[in-house]
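The numbering of the sequence shown is our numbering, which starts it at 3 and goes up by one.
It cannot be assumed that every hint is accurate.
Straight-line alpha carbon distances no greater than 25 Å define the calculated SDA-like cross-link-like pairs of lysine to any residue that follow [claimed, not checked]:
| no. | residue 1 | residue 2 |
| --- | --- | --- |
| 1 | 33 | 99 |
| 2 | 36 | 123 |
| 3 | 35 | 11 |
| 4 | 36 | 57 |
Quick caveat, the hints were computed from the structure, so don't treat them as lab data.
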Amino acid sequence: LENGFINENELLIKFIGILDAEGENLINLSKYKKCFQLLGFVSHRKSILEIKSADILLLIPGPGIGTMPGKFYEYLAAEKPIFCISNEGPPKIYINNYGLGIVSNDSSPVDIANKFNQLIKSIENNNFIYPKVSNLKDKFNRKYIAKDMAAVFTKSNI
């Protein structure tokens with residue numbers, strides 16, 4: 003925003019769920035406080051409606067290489083561009099490998115701003131085409147996972 007990349011009058015960031023005190027304080031101290039809307043807890047139905055109506059979905063997984071937030075699967079089903087802030091882990095791998103959006107390293111505010119702007123511009127210029135991900139959706143389907151687990155158990159004689 004400060005470098006003129008993003009017009010604050012055209013940006014609305016909705017937080018659903020709990021935002022910790024530090025996060026709220028950062029928002030309140032920001033020159034762009036009006037860009038944020040804190041919705042708190044909402045019903046699952048309302049959450050899905052918000053996901054479906056968004057232009058870009060923000061994903062910030064927990065730390066570690068094995069963290070895969072459940073929200074990823076809802077985002078995948080929504081077929082919307084994902085902006086992910088993560089250094090490592092499955093979300094970064096899937097988003098990059100399947101072209102689901104853009105991933106930024108979490109240690110550089112400049113990188114975050116530049117990559118977020120890059121995603122916005124690619125959407126505005128109709129250069130972002132959400133990929134066909136039915137095979138990826140199938141991979142996370144319960145039937146596929148159960149079949150995969152059964153194969154592991156069979157192979158291990160369990």
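Just to be careful, I want the Cα atoms of residue 35 and residue 11 compared with a cutoff of 25 Å; is the pair within it? Cα-Cα ~11 Å, so holds.
Self-check item: residue 36 paired with residue 57 [C-alpha distance capped at 25 Å]
Solution: holds (18 Å)
Quickly compare the C-alpha distance for residue 33 and residue 99 to 25 Å and report which way the hint goes. It is violated: about 35 Å lies between the C-alpha atoms, which goes past 25 Å.
- Task: Mind checking the alpha carbons of residue 36 and residue 123 for me, to see if they're no more than 25 Å apart?
- Result: At roughly 22 Å apart (the allowed maximum being 25 Å), residue 123 and residue 36 satisfy the hint.
Hint 1 from the earlier list is the only one contradicted by this structure; the remaining hints agree with it.
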